Amino acid sequence: MLDVEKIRLDFPILTKEIFGNPLVYLDNAATSQKPRQVIDALIDYYENFNANVHRGVHTLSVEATDRFEDAREKVSSFINCESSDSVIWTRNASESLNLVAYSWGEHNIGEGDEILLTPMEHHSNLVPWQELARRKNAVIKFIPMLENGTLDMDQVDDLITEKTALVSAVHMSNALGTINPVRELAEKAHRSGAKILVDGAQSVPHMPTNVQELNCDFLVFSGHKMLGPTGIGALYVEKEILESMEPFLTGGEMVLEVSYQKASWADLPMRFEAGTPNIADSIGLGSAVDYLNGLGMENVREHEKDLTAYALYRFRKADLEGLDLFGPDDPNIRGGVFSFNTPDVHPHDLGTFLDRMGIAVRTGHHCAMPLVRSLGVAATTRASFYLYNTEKEVDILVDAVTEALRYFRDGPN
Amino acid sequence: MDQTNIDDIYRDRVILDHCRNPRNTLPVERCDLSGDAVNPFCGDEVHFQISLSSKDLIENVSFAGDGCAINMASGSLLSEAVKGLTIGEASELSIKFVESMRKSDDLSVDHEFIGELSALISVKHFPVRIKCALLAWSALEDALST
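Order-wise, the sequence lines are chains A and B. Mapping of the first sequence onto the working numbering: position 143 corresponds to residue 143, and the numbering continues sequentially without gaps. Mapping of the second sequence onto the working numbering: position 82 corresponds to residue 82, and the numbering continues sequentially without gaps.
Bound-form chain A, shown alone (with noise of 0.2 Å):
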């Protein structure tokens, strides 16, 4: 169990108040907000032993790289991996799906081959693959999703085939919450020899994540999502399948012997990190890593879990004419995502209805438009939890949309 109440004291910006009304912030599947602890590690960074990494002689260059490279490897426990060499740090989720699209798909995908990805991708896992098909003149499929919005698992068999080469899912789904059985799917892809990799930008910094025991090759995810600062994000690569990868950005720290003429490359993980790192960030990140272990992922999920039977609950019980909830209604395959339309009331409409109540949700296609497309709406309206969300913020929640559909329907009192 989280002592909430305990764990809001944490975080500043939980005090603020918007428009006169207390901010209830259910927007974390954008961003979360960030504990002190996290905060401070930032001001001390840039207060303490600020310089740069891994070519330094001097103390604070060495103090630096230490604290930057322990980073890396609270990262790495943190998803269970063998070795933190295969933690690459790049500058958000999208950004490793880009590596790897560049760095091991260019050389992988051939034409006639096939990505296998999942209706409910965010842009960033569906665009990076529709140029690499559109360069390679390879083909997209994709899983069928079932009307509760979960993946149809009964056509996968047929759809994995030898043609394909990768399979690209998303482990939590940003708009409908779905929690994809992604471990099956790795079976799956590797059965028939294809790579898998999970788009774990919701999913780590809410649940568990083994990446030993998902069995997949690529995980991204972004640490601002986690507690962590912005700007900073992560990508797993199985050990054997990094090392036979290409650079993705060549130049400074990633080389180990430069000439005139060529180069050759750095050790890993280096090799695939040129320039000078987000260094600040990166310890940024280490330190939300020592926050959410010291809460306990598992504890974190089943917070999150009766957090979402609770507000599956509240809608139910407000039984709101015309609302539209969508994704599965059993929580255990479902994070603390709820996207919904009002028919009646657009969601940019509500949207500033419930900001003006102190309530941060997003609207919009939240970066899935042809998943929103497909259920037949422009735009949903998305209320999405973290570990410092309470049911009483749930039930402001639903109050406030039970009052704004009042409002748009009546008028002003």
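Since the hints were made in silico from the structure, they are not lab data. Please read these numbers as outputs of a predicted model, since none were measured by experiment. Careful: at least some of the hints might be erroneous.
Computed list of lysine-lysine pairs in DSS-like fashion (alpha-carbon distance at most 30 Å, straight line) [unchecked claim]: (1) A/LYS16 <-> B/LYS124; (2) B/LYS131 <-> A/LYS16; (3) A/LYS141 <-> A/LYS163; (4) A/LYS262 <-> A/LYS188.
From chain A, some residues computed to sit far from chain B (all C-beta separations above 12 Å) [to be verified]: (5) TYR46; (6) LYS141; (7) GLU147; (8) SER192; (9) GLY193; (10) VAL377.
Glycine is no exception: its CB is placed at the ideal position from the N, C-alpha and C atoms.
Please build the complex by placing chain B on the supplied structure of chain A, with the hints as guidance.
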């Protein structure tokens, strides 16, 4: 529950009224000018068809749109406002309205000149929604420039 803030935007029921019952939604008999605008970020759309009685007098307007209350109300209010104006007058109205929406103060707004469109001026207090109020005006400019 404090609604004073939210009422700033949807006050006088003008916006809600025009959103729920948009005016001038019937197609025009003869379309002399047409204009469209789409906001790719939110998917809102506005389409106008205009018929002219003499060379440049706007006789009738047809408005079609999809999107939030502010977008729909803006399209509906605009369709009312430009009926009976010359093309030149409609352009002038458009320039003045867009200018008022982009200026940070309320004092410069010539409420007499923009008439019922004043209801939309309150959207200025919601900066992220200004683009919702302006989409219809892009569609009008598109129509007038054809």
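Okay, the hints, checked on the actual structure:
| no. | hint | in the structure |
| --- | --- | --- |
| 1 | A/LYS16 <-> B/LYS124 | holds (24 Å) |
| 2 | B/LYS131 <-> A/LYS16 | holds (27 Å) |
| 3 | A/LYS141 <-> A/LYS163 | holds (11 Å) |
| 4 | A/LYS262 <-> A/LYS188 | violated (41 Å) |
| 5 | TYR46 | holds (32 Å) |
| 6 | LYS141 | holds (27 Å) |
| 7 | GLU147 | holds (23 Å) |
| 8 | SER192 | holds (39 Å) |
| 9 | GLY193 | holds (40 Å) |
| 10 | VAL377 | violated (9 Å) |
Going through the hint list in order, the structure does not satisfy hints 4, 10.
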